[in-house]
Amino acid sequence: MFKIAVCDDEEPICSHLETILLDYGKESNQQLEIEIFYSGEDLYKALRLNTRFDLIFLDIELKGLNGIKIGKIIRDELYDEITQIVYISSKQEYAMELFENRPLNFLLKDSSSSEIIRVLEKGINLINSQNNFFEFIYNRNFCKLSYKDIIYFESDNKKINLVTNSEIYNFYGKISTIISNLHSMDFIQIHKSYVINYLYLTEVQTDAVIMSTGIKLPISQTFKKQFRNKLLKRRRGNLR
Amino acid sequence: MSLSSIDILFYLVSNLFRIYVFLKFIEFFFNNQSNYTKIKFSIFIIFYLLNSSLHLVFSNPIVNLLSNIFFAYIFTSIYKSKLWLKICSIFLVYSINMLLDQLTYDLLLSIDLQNHIYIYTSIISSILMYMFILILNRIFRKKYMATLTLMQCIVIFTIPLSSIAILITLFWLDCNYLATLIMSSVLFLMNIIVFYFHDILVQFYFNQKEKELLERQNLAYFNEFKLIKASDNNLRQLKHDYKNHILAMQKLLKLNQIVTLEKYLCDLYQFTESKSQYVTSSNEHVNSILNYKLQEAVKLGSIINCNITIPDILNISAFYLNIVLGNLLDNALEALQKSANKKLSIDIQLEKNFLYIDISNSYSGTIKTAKSKILTTKLNTSEHGLGLESVKSVVDKYDGIMDISYNENTFSVNLAICNALI
Numbered sequence: 186m187f188k189i190a191v192c193d194d195e196e197p198i199c200s201h202l203e204t205i206l207l208d209y210g211k212e213s214n215q216q217l218e219i220e221i222f223y224s225g226e227d228l229y230k231a232l233r234l235n236t237r238f239d240l241i242f243l244d245i246e247l248k249g250l251n252g253i254k255i256g257k258i259i260r261d262e263l264y265d266e267i268t269q270i271v272y273i274s275s276k277q278e279y280a281m282e283l284f285e286n287r288p289l290n291f292l293l294k295d296s297s298s299s300e301i302i303r304v305l306e307k308g309i310n311l312i313n314s315q316n317n318f319f320e321f322i323y324n325r326n327f328c329k330l331s332y333k334d335i336i337y338f339e340s341d342n343k344k345i346n347l348v349t350n351s352e353i354y355n356f357y358g359k360i361s362t363i364i365s366n367l368h369s370m371d372f373i374q375i376h377k378s379y380v381i382n383y384l385y386l387t388e389v390q391t392d393a394v395i396m397s398t399g400i401k402l403p404i405s406q407t408f409k410k411q412f413r414n415k416l417l418k419r420r421r422g423n424l425r
Numbered sequence: 305m306s307l308s309s310i311d312i313l314f315y316l317v318s319n320l321f322r323i324y325v326f327l328k329f330i331e332f333f334f335n336n337q338s339n340y341t342k343i344k345f346s347i348f349i350i351f352y353l354l355n356s357s358l359h360l361v362f363s364n365p366i367v368n369l370l371s372n373i374f375f376a377y378i379f380t381s382i383y384k385s386k387l388w389l390k391i392c393s394i395f396l397v398y399s400i401n402m403l404l405d406q407l408t409y410d411l412l413l414s415i416d417l418q419n420h421i422y423i424y425t426s427i428i429s430s431i432l433m434y435m436f437i438l439i440l441n442r443i444f445r446k447k448y449m450a451t452l453t454l455m456q457c458i459v460i461f462t463i464p465l466s467s468i469a470i471l472i473t474l475f476w477l478d479c480n481y482l483a484t485l486i487m488s489s490v491l492f493l494m495n496i497i498v499f500y501f502h503d504i505l506v507q508f509y510f511n512q513k514e515k516e517l518l519e520r521q522n523l524a525y526f527n528e529f530k531l532i533k534a535s536d537n538n539l540r541q542l543k544h545d546y547k548n549h550i551l552a553m554q555k556l557l558k559l560n561q562i563v564t565l566e567k568y569l570c571d572l573y574q575f576t577e578s579k580s581q582y583v584t585s586s587n588e589h590v591n592s593i594l595n596y597k598l599q600e601a602v603k604l605g606s607i608i609n610c611n612i613t614i615p616d617i618l619n620i621s622a623f624y625l626n627i628v629l630g631n632l633l634d635n636a637l638e639a640l641q642k643s644a645n646k647k648l649s650i651d652i653q654l655e656k657n658f659l660y661i662d663i664s665n666s667y668s669g670t671i672k673t674a675k676s677k678i679l680t681t682k683l684n685t686s687e688h689g690l691g692l693e694s695v696k697s698v699v700d701k702y703d704g705i706m707d708i709s710y711n712e713n714t715f716s717v718n719l720a721i722c723n724a725l726i
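Going down the list, the sequences are from chains P and H.
Counting from 186, one number per residue, gives the positions in the first sequence under the numbering used here.
Counting from 305, one number per residue, gives the positions in the second sequence under the numbering used here.
Any given hint could turn out to be false.
What the hints assert, rightly or not - Capping the alpha-carbon separation at 20 Å, the derived lysine to aspartate or glutamate pairs in EDC-like fashion look like this: (1) Lys-418/P / Asp-651/H; (2) Lys-656/H / Asp-265/P; (3) Lys-701/H / Asp-392/P; (4) Lys-656/H / Glu-282/P; (5) Lys-410/P / Asp-703/H; (6) Lys-415/P / Asp-703/H; (7) Lys-401/P / Asp-703/H; (8) Lys-656/H / Glu-285/P; (9) Lys-410/P / Asp-707/H; (10) Lys-401/P / Asp-341/P; (11) Lys-696/H / Asp-392/P; (12) Lys-656/H / Asp-392/P; (13) Lys-276/P / Glu-588/H; (14) Lys-415/P / Asp-700/H; (15) Lys-415/P / Asp-371/P; (16) Lys-276/P / Asp-616/H; (17) Lys-418/P / Asp-700/H; (18) Lys-696/H / Glu-638/H; (19) Lys-307/P / Asp-651/H; (20) Lys-409/P / Asp-703/H; (21) Lys-418/P / Asp-703/H; (22) Lys-656/H / Glu-262/P; (23) Lys-656/H / Glu-278/P; (24) Lys-401/P / Glu-352/P; (25) Lys-409/P / Asp-707/H.
In case anyone wonders, no lab produced these hints; they're calculated from the structure.
Between the sequences and the hints, there should be enough to build the whole structure, so can you do that?
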């Protein structure tokens, strides 16, 4: 069940997208719930009421609250790295600020349906892979966290710190066991003490990465090549 | 301790070698700068003459120590460096020298060699010190030394090792003292010649690498220049057409042929739209490089698939983008010329500050490889073939990763670099 939002002030664009998405839903037997917004303000209102979407097709050139500002609100005010944003625009001119909102992809308003479907599938795969659960024992309780809530794991002596947006779970464990329990391309080890969730990565630098919380984690020499290889691999999975 | 004339001769020869190695060791700390060779040589000669005379005249260990340190300091004065570094290096070299002396002395004692033990000690410990310098260079001056293979280094080591073995055997056999002196001098000479050639060899390889780098840079500048010329020509053409169009429209206006004028304007608009470039991303640099190269691909009748999502400004400089994209596309174009089914696809994306570039092209024929480096099939092998190497050096500079893969009909290069300011 995927919740998709389409936000564009041009009605024909919205209905065109909606048709394509619904057709795809029927053909591939996926349950898609589509909601349409004709202005940035309407979408913002829905977000403030705590509605969340898995994927938002967002027009960059909205009047008023435009795509850039809404993207910023989602990432920097709501701390939401899980909602996937696909920017739609009429011209292929992208300012650097758009990239800072970490969109999934960019589409032109006259994109073919196959291109739109490709982006949709990429988003669906990403969301599916993050819907798995990580199990661990915390305070003698058996706990389960969805992958999409985990920002990173940090090893601290013999214990592990599991960092999420709301709190840090501290429990006994080793990084190596955690890696073998995580079955996902999204979790990457960058240091002998750090395993990060790719979705919460905001910036890759030469010797470090910056996560969505602003924290800078080091990449060790031993894991550098591996890390970059994994990034390439992820991408190859995403290219045709 | 009265010294026979042979002792003195022996001492002079061994001191020559010892001072040579001593100074070479000090040179190691200052990055092996090999300018001022004449000055170094003169200091070396003066060091040797004065030091030997002082030792023979006074035979005083304190005098020896002072003279060694004094001349070593004079030697370091030709290098521009902080005082504390010079003092540290002299101290280090001297202590290692004494350490090696002590070790050799104990070794010779343990094999029961008492005659002339001081001379023999000094000879062997000098050779040991030189080997030590070679090892240090190998470990710490990787960039400079890594041009020689491990095998070559091992071969070079065997010369001093064998010399030491010969010397110890000679000393142990207690041969005629004069004969021993002559043998040792010959071995010294041989070692010095080998070391000298070794230095030359390393310098040669190093210069080769520098030359290759310069060639690559030149090629990059040349490409950039071609791009500028091409866009210049385009501009001139546009201006020329522009004038003609305006003249034509003015004429129509004068003759009050409004409908025709409307159609003319419509056609003109269509024309500018259709003459659009193959690539219109936000980034002007990438656009210009790609459009320039893609013209060729279109002329060959290839099917081009372009997917570019990058911002208007990248931290990676246009110069390096040019090297990467220019070289990769040049390679792709070469392959497309010879391939039957011409397909080219280019994907460039910026994600989380990491720039991904993927270029795939169809090709026919076989890929030539040698030592896991892909060789060029281009005719002018000396000029080309540096392409992928240049790209690799930029990828290394931006601490990125490059992956080359191919199957029977498609050749792909996938690379990713940090969007960093360097």
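Evaluated hints:
1. Lys-418/P / Asp-651/H: holds (15 Å)
2. Lys-656/H / Asp-265/P: holds (15 Å)
3. Lys-701/H / Asp-392/P: holds (13 Å)
4. Lys-656/H / Glu-282/P: holds (12 Å)
5. Lys-410/P / Asp-703/H: Judged against 20 Å, a Cα distance of about 9 Å means the pair holds.
6. Lys-415/P / Asp-703/H: holds (15 Å)
7. Lys-401/P / Asp-703/H: holds (18 Å)
8. Lys-656/H / Glu-285/P: With Cα atoms ~8 Å apart, Lys-656/H and Glu-285/P stay inside 20 Å; holds.
9. Lys-410/P / Asp-707/H: This hinted pair holds, its Cα atoms lying about 12 Å apart.
10. Lys-401/P / Asp-341/P: holds (16 Å)
11. Lys-696/H / Asp-392/P: holds (19 Å)
12. Lys-656/H / Asp-392/P: Given pair Lys-656/H, Asp-392/P holds - Cα atoms ~14 Å apart, limit 20 Å.
13. Lys-276/P / Glu-588/H: Judged against 20 Å, a Cα distance of about 14 Å means the pair holds.
14. Lys-415/P / Asp-700/H: holds (17 Å)
15. Lys-415/P / Asp-371/P: holds (9 Å)
16. Lys-276/P / Asp-616/H: This hinted pair holds, its Cα atoms lying about 12 Å apart.
17. Lys-418/P / Asp-700/H: holds (19 Å)
18. Lys-696/H / Glu-638/H: holds (19 Å)
19. Lys-307/P / Asp-651/H: holds (16 Å)
20. Lys-409/P / Asp-703/H: holds (9 Å)
21. Lys-418/P / Asp-703/H: holds (17 Å)
22. Lys-656/H / Glu-262/P: Distance of about 18 Å is within 20 Å: holds.
23. Lys-656/H / Glu-278/P: holds (18 Å)
24. Lys-401/P / Glu-352/P: holds (18 Å)
25. Lys-409/P / Asp-707/H: holds (15 Å)
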